[in-house]
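A.B. asks: The chain contents come next:
4 protein chains.
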Amino acid sequence: MKKIAVLTSGGDAPGMNAAIRAVVRACVYYNIVPYGVRRGYEGLIHSDIKKLSASSVGDIIHKGGTFLKTARSQEFMTKEGREKAAASLRSLGIEGLVVIGGDGSFRGAERLTEEGIATIGIPGTIDNDLAYTDFTIGFDTAVNTVLQAVTKIRDTSTSHEKTTIIEVMGRYCGDLALYAGIAGGAESIIIPEDPVSTQDVINRLNKGKERGKMHHIIMLAEGSGNASKLQEDLLREAGESSRITVLGFIQRGGDPTSADRILASRLGIEAVELLRREESGLAVGVRHSNVFSMPISEAMKQKKKLDQTLYNMAEILSV
Amino acid sequence: MKKIAVLTSGGDAPGMNAAIRAVVRACVYYNIVPYGVRRGYEGLIHSDIKKLSASSVGDIIHKGGTFLKTARSQEFMTKEGREKAAASLRSLGIEGLVVIGGDGSFRGAERLTEEGIATIGIPGTIDNDLAYTDFTIGFDTAVNTVLQAVTKIRDTSTSHEKTTIIEVMGRYCGDLALYAGIAGGAESIIIPEDPVSTQDVINRLNKGKERGKMHHIIMLAEGSGNASKLQEDLLREAGESSRITVLGFIQRGGDPTSADRILASRLGIEAVELLRREESGLAVGVRHSNVFSMPISEAMKQKKKLDQTLYNMAEILSV
Amino acid sequence: MKKIAVLTSGGDAPGMNAAIRAVVRACVYYNIVPYGVRRGYEGLIHSDIKKLSASSVGDIIHKGGTFLKTARSQEFMTKEGREKAAASLRSLGIEGLVVIGGDGSFRGAERLTEEGIATIGIPGTIDNDLAYTDFTIGFDTAVNTVLQAVTKIRDTSTSHEKTTIIEVMGRYCGDLALYAGIAGGAESIIIPEDPVSTQDVINRLNKGKERGKMHHIIMLAEGSGNASKLQEDLLREAGESSRITVLGFIQRGGDPTSADRILASRLGIEAVELLRREESGLAVGVRHSNVFSMPISEAMKQKKKLDQTLYNMAEILSV
Amino acid sequence: MKKIAVLTSGGDAPGMNAAIRAVVRACVYYNIVPYGVRRGYEGLIHSDIKKLSASSVGDIIHKGGTFLKTARSQEFMTKEGREKAAASLRSLGIEGLVVIGGDGSFRGAERLTEEGIATIGIPGTIDNDLAYTDFTIGFDTAVNTVLQAVTKIRDTSTSHEKTTIIEVMGRYCGDLALYAGIAGGAESIIIPEDPVSTQDVINRLNKGKERGKMHHIIMLAEGSGNASKLQEDLLREAGESSRITVLGFIQRGGDPTSADRILASRLGIEAVELLRREESGLAVGVRHSNVFSMPISEAMKQKKKLDQTLYNMAEILSV
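Protein chains in written order, with the UniProt record's numbering: chain A, 1 to 319; chain B, 1 to 319; chain C, 1 to 319; chain D, 1 to 319.
These are calculated hints, taken from the structure and not from any lab test. We put the beta carbon where it would ideally sit given N, CA and C, even for glycine. Hints are supplied without guarantee of correctness; some may be wrong.
[As the list claims (entries may be wrong)] Below, a list of computed lysine-lysine pairs in the DSS-like style, where the Cα atoms sit at most 27 Å apart:
| # | chain 1 | residue 1 | chain 2 | residue 2 |
| --- | --- | --- | --- | --- |
| 1 | D | Lys-79 | D | Lys-305 |
| 2 | B | Lys-63 | D | Lys-50 |
| 3 | A | Lys-79 | A | Lys-3 |
| 4 | D | Lys-213 | B | Lys-2 |
| 5 | B | Lys-162 | B | Lys-209 |
| 6 | D | Lys-162 | B | Lys-213 |
| 7 | C | Lys-162 | C | Lys-209 |
| 8 | B | Lys-213 | D | Lys-209 |
| 9 | B | Lys-50 | A | Lys-229 |
| 10 | C | Lys-209 | A | Lys-50 |
| 11 | C | Lys-229 | C | Lys-301 |
| 12 | B | Lys-207 | D | Lys-301 |
| 13 | A | Lys-2 | C | Lys-209 |
| 14 | C | Lys-50 | D | Lys-209 |
| 15 | B | Lys-229 | A | Lys-63 |
| 16 | D | Lys-50 | A | Lys-51 |
| 17 | C | Lys-229 | C | Lys-162 |
| 18 | A | Lys-79 | A | Lys-301 |
| 19 | D | Lys-162 | D | Lys-209 |
| 20 | B | Lys-301 | B | Lys-229 |
| 21 | D | Lys-63 | C | Lys-209 |
| 22 | B | Lys-207 | D | Lys-3 |
| 23 | A | Lys-50 | C | Lys-3 |
| 24 | A | Lys-84 | A | Lys-209 |
| 25 | D | Lys-209 | B | Lys-50 |
| 26 | A | Lys-209 | C | Lys-207 |
| 27 | C | Lys-50 | A | Lys-3 |
| 28 | A | Lys-209 | C | Lys-51 |
| 29 | A | Lys-63 | C | Lys-51 |
| 30 | D | Lys-50 | D | Lys-79 |
[Claimed, not checked] Estimated spans, in silico, between C-beta atoms of each pair:
| # | chain 1 | residue 1 | chain 2 | residue 2 | range |
| --- | --- | --- | --- | --- | --- |
| 31 | C | Asn-226 | D | Glu-232 | 45 to 51 Å |
| 32 | B | Lys-303 | A | Glu-237 | 42 to 48 Å |
| 33 | A | Leu-235 | B | Ser-228 | 46 to 52 Å |
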């Protein structure tokens, strides 16, 4: 393989730049010419592609976001769109494509193999909602970003002795709430994988009060409810007044952590190694600390399971 | 004066601990016995008061919140409540009280002088809404906290080329939005002091787009609108889709900045100096970098004015 | 087991508080009375031990250092010292002890089993120099702390186009330099496990210059040289003027990262589970993401090996 | 004036980018064409000058360092060098130059006026060693950077109950040590303006110990001694073992604080306003919160005075 392109797609995640850098540097190392596609599949369709070099990716390893930018593409959903995308690559003599993104991006990569392009998917999303890999790029940073917010909120909630509800991202997967809840010392963690009633939450609050706790932190994944609604319910059902914080888009930003930069570097290099070996349609990931790959189609079929051990720990730790 | 008490009241602000520390250490320095009142005026009424020492305030200068805790007190609004509060102090032989808080707290301090207690007010609020002083303790930290959030949001909004609306605190005073807007490089700053129409905002966005800007930051003070409503308006009136972030309580927390710790230290020492000189009913503050004091009654009458020079700068800088 | 004590020993590490908290909360959860020993083995000898409760460890999960304090003890090196230490525990009816620290602390724990105390070791050190476990508590935080420093140094070294030598901790183990070097985008990483000549470093610098790099970062583990000496060598042998930064003790501090808090929580709970099962003389750790335990004696015999894959990555990434 | 150039010179400081941005945006606002000179006076001599636009300075307000880069120039010290520099500007029709830097840079600007170039100096240095202005751009950020380091060092020094000596920048001016010492809660602050003996430091330590302090922070400006030497002296003269940290170049980096960004913005705009009014040879600065300007020659004659009030506060606060 003489030329490889890389793109980022879907929601951005901290560490994507580190992954792009690793792909580009590995290409240079192996005498492959690296190309960058701007704005994801949309840019692929419109041939927004430029040659990169080792220097193009200097001074980006520590930056959040993606310097290649990202977008969602309606046109790529169509067969015509994908044909145009493949044609863009072929016209430049590019045979392989590395796609950094979440499940939507992976499905796109899979379809592109049908157009004769060798593709490899790298998991980049703060949600950690891809079942086949233990971690996705951006997740560790997002958890730490939430923790920094929790530390600030602790200052004011302990001063006022108030209960605070913190709503974090996670539509179907509660990992961000679970990890940040445990590491942030939350009294209650509410995730889509295990719906709880308002009464359960109230029981927890009461238990904490019995042992003298004057403030509580409730970590709520957006997919399992709404902070405002929970606030109202707590007031109505238990006379408990609380404050809410919806963290929003700050969760997507920030300098990537060491773990995300290293994971991104490992997966970026692996993607290039696979393309060099003429592999295609694979998703790279990490399991039990080891880098591995599997067909995207299989990876997409796996069902994300709740880490029950971690979830149980939350109960012990907030005793 | 042999004994002085200190309390924090109303909303907490980063730097309150540094102010408490300065009051306590200045007392010790001048051989006055310092006392700490917990939970503001509520604690005063219920005699939740304890003797402090130089060591009591060790290792707190760098911490957000207030280790004396704060609360709002309905009972203190009544004459009876204030009499009880004054009696609490007198029963311990405490003649002077330093109150750290915002305008509500200052009015309380003023009323307490009527009960024969010498009081001094120190301005502690992230809102910078006290007209008599250039800055309040906590404001500089809050601006920097907002900036850290803006930096994270920039990562993702430049990656997606999206307009972002950031709603910050400030019900009547737009200083937080103004300072953070200028320092954060916002294209539009919307504050209560100068209402703008949605069309004004759209014009700004269009101007930016004309010169090639792909993402905009709109800094909105909560007192001048609502992020969700503006988001809807932009979509309806200009077809502009945007993302919103409501920063919420993280703005109250965080380690105080150098400026807030030093301001707090200066004002805390000044408060004790004034009580030593048998002064009472005064608010301390900073104007043109100098510490000064004036009667609380006069301080409360002053009307906060918009810093027009700064506001105009925003226009030049987002050209 | 009815009563368990916990202590921290040796150099402190971020996450030790989270580990103490997990031990204490797990005890409470299992109806065991938790005790805290202050100042490590020194405190054990002098019976500086107090009963803890779930609340004793509230609001500490996010704090660096160790609230139990730590120290080195000469007296504990003697048989008499250890007998006194064991007697201290016995006099309070404490049968089990959890020791959080590095290899010196672990050897101490092992010797204490000889005095009839059931001990479990939890690895807490920023150096990651314990071979039996993939990670020690504090390492992830230290790497991220170094990265924050690297980001600041990048600002000024890119502005001045200067080479910078950053000396980090790591006397025998280069993991901190290796991880921070890869994640920080260092051009050269110098670790005790693989001594390099000054000429090797110069070759790397020259290679970077050839492709237009205007500034370089050299990450140096303290165990493999001295920043000042390398600075002199580079000047003398290659006419290369550089700047040096010795990070020092800031590497030990800072709020623990999510990964360190969760690792600490998992190991803290596991330690209590083991003592409940009447185990003793074991070290807990994590391997391939799984918590496990093994005899301290065996754990101490393992030789730390360089992660060759990671080390090779550095070469590809700095191509 | 139709064209204005801007350069950064000498040591870099956080906020320089914000100042460049303000100069450029103010030019655009007033229909003046802005130019950027790379690598300070060195780039001026070698005509390393390029036209800038409002977009050239997008997304830089929050970044440390200077995107125009900076350097020291031997050649500019000569009359010939300055003539070449002036010729570079004239050949492009540039009449005015804004110089951002410290005293060396200001002297350069002054000499350049002799070559017929209208120059304005903006104070950019972390040292705050320019007497004519209350604050220089970069100082507030550097103080806060030191404070973050102090917070990390506190974690470990309280855990070990050790005295720590922190050496910060400041060859002739102790402001960085003074502000960071007060805001960081240091027990001793040692600055060039007021030499103290080792015995003075020991007396302070002993006083702290008497009231139960278990750890001390000594803030030392590099211009008033050397951390290693003080460490040895404390050990020899008082048997006090201590740890040292030399913060080094991390003090120059980091995202600029709000105060530095706003100061930079104000001064950058003012510089352009002055050039528009045909002024030259002026230094802009801030005094008692007001922006002002004065001849560079006079500004350079002023002697920096120690803020005695602040210095005295340190004694009260560490009582």
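A.B. asks: For every hint, state whether the structure bears it out.
C.D. replies: Going down the list of hints, with the structure as the test:
Between D/Lys-79 and D/Lys-305 the alpha-carbon distance is near 33 Å, which puts this suggested pair outside the 27 Å criterion. The straight-line distance between the Cα atoms of B/Lys-63 and D/Lys-50 is roughly 46 Å, outside the 27 Å bound, and the hint therefore fails. Taking the CA atoms of A/Lys-79 and A/Lys-3, the gap is near 24 Å; set against the 27 Å cutoff, the hint holds. Pair hint D/Lys-213 plus B/Lys-2 holds up; C-alpha atoms about 25 Å apart against a cutoff of 27 Å.
A C-alpha spacing of about 12 Å is found between B/Lys-162 and B/Lys-209, which places the hinted pair at or below 27 Å, so the restraint holds. A hinted pair counts as satisfied when its Cα atoms are at most 27 Å apart, and D/Lys-162 with B/Lys-213 does not qualify at roughly 53 Å. Restraint check: the Cα-Cα separation between C/Lys-162 and C/Lys-209 comes to about 12 Å, which is no more than 27 Å; the hinted pair holds. Taken as a hint, the B/Lys-213 and D/Lys-209 pair is broken in the structure, with Cα atoms around 59 Å apart against an allowance of 27 Å.
Taking the CA atoms of B/Lys-50 and A/Lys-229, the gap is about 40 Å. The hint is violated against a cut of 27 Å. Between C/Lys-209 and A/Lys-50 the CA atoms are separated by roughly 24 Å; this keeps the pair inside 27 Å, and the hint holds. Proposed proximity of C/Lys-229 and C/Lys-301 is contradicted: the alpha carbons are some 34 Å apart, above 27 Å. Using a Cα cut-off of 27 Å, the hinted pair B/Lys-207 and D/Lys-301 is violated, with the two alpha carbons roughly 45 Å apart.
Proposed proximity of A/Lys-2 and C/Lys-209 is supported: the alpha carbons are some 25 Å apart, at most 27 Å. Restraint check for C/Lys-50 and D/Lys-209: satisfied, since their Cα atoms lie roughly 24 Å apart, inside the 27 Å limit. With a CA separation close to 32 Å, the supplied pair B/Lys-229 and A/Lys-63 exceeds the 27 Å bound. Between the alpha carbons of D/Lys-50 and A/Lys-51 the distance comes to roughly 25 Å, so the proposed pair stays at or under 27 Å and holds.
Proposed proximity of C/Lys-229 and C/Lys-162 is supported: the alpha carbons are some 17 Å apart, at most 27 Å. For the hint linking A/Lys-79 to A/Lys-301, the alpha-carbon distance of about 22 Å falls within 27 Å, and the restraint holds. Restraint check for D/Lys-162 and D/Lys-209: the C-alpha separation of about 12 Å stays at or below 27 Å, so the hint holds. Simply put, B/Lys-301 and B/Lys-229 have alpha-carbon atoms about 34 Å apart, too far for the 27 Å limit, and the pair is violated.
With a C-alpha separation of about 25 Å, the suggested pairing of D/Lys-63 with C/Lys-209 holds against the 27 Å cut-off. As the CA atoms of B/Lys-207 and D/Lys-3 are separated by approximately 23 Å, the hinted pair is consistent with the 27 Å bound. Taking the CA atoms of A/Lys-50 and C/Lys-3, the gap is about 66 Å. The hint is violated against a cut of 27 Å. With a C-alpha separation of about 62 Å, the suggested pairing of A/Lys-84 with A/Lys-209 is violated against the 27 Å cut-off.
For the hint linking D/Lys-209 to B/Lys-50, the alpha-carbon distance of about 24 Å falls within 27 Å, and the restraint holds. A hinted pair counts as satisfied when its Cα atoms are at most 27 Å apart, and A/Lys-209 with C/Lys-207 does not qualify at roughly 63 Å. Between the alpha carbons of C/Lys-50 and A/Lys-3 the distance comes to roughly 66 Å, so the proposed pair goes past 27 Å and is violated. Restraint check for A/Lys-209 and C/Lys-51: the C-alpha separation of about 21 Å stays at or below 27 Å, so the hint holds.
With a C-alpha separation of about 46 Å, the suggested pairing of A/Lys-63 with C/Lys-51 is violated against the 27 Å cut-off. Taking the CA atoms of D/Lys-50 and D/Lys-79, the gap is about 24 Å. The hint holds against a cut of 27 Å. The hint said 45 to 51 Å for the Cβ distance between C/Asn-226 and D/Glu-232, and at roughly 18 Å that hint is violated. Distance hint for B/Lys-303 and A/Glu-237: a CB-CB separation of about 44 Å, consistent with the stated range 42 to 48 Å.
Taking 46 to 52 Å as the suggested C-beta distance range, the pair A/Leu-235 and B/Ser-228 does not conform, at roughly 21 Å.
Checked against the numbered hints above, the structure violates hints 1, 2, 6, 8, 9, 11, 12, 15, 20, 23, 24, 26, 27, 29, 31, 33; every other hint is satisfied.
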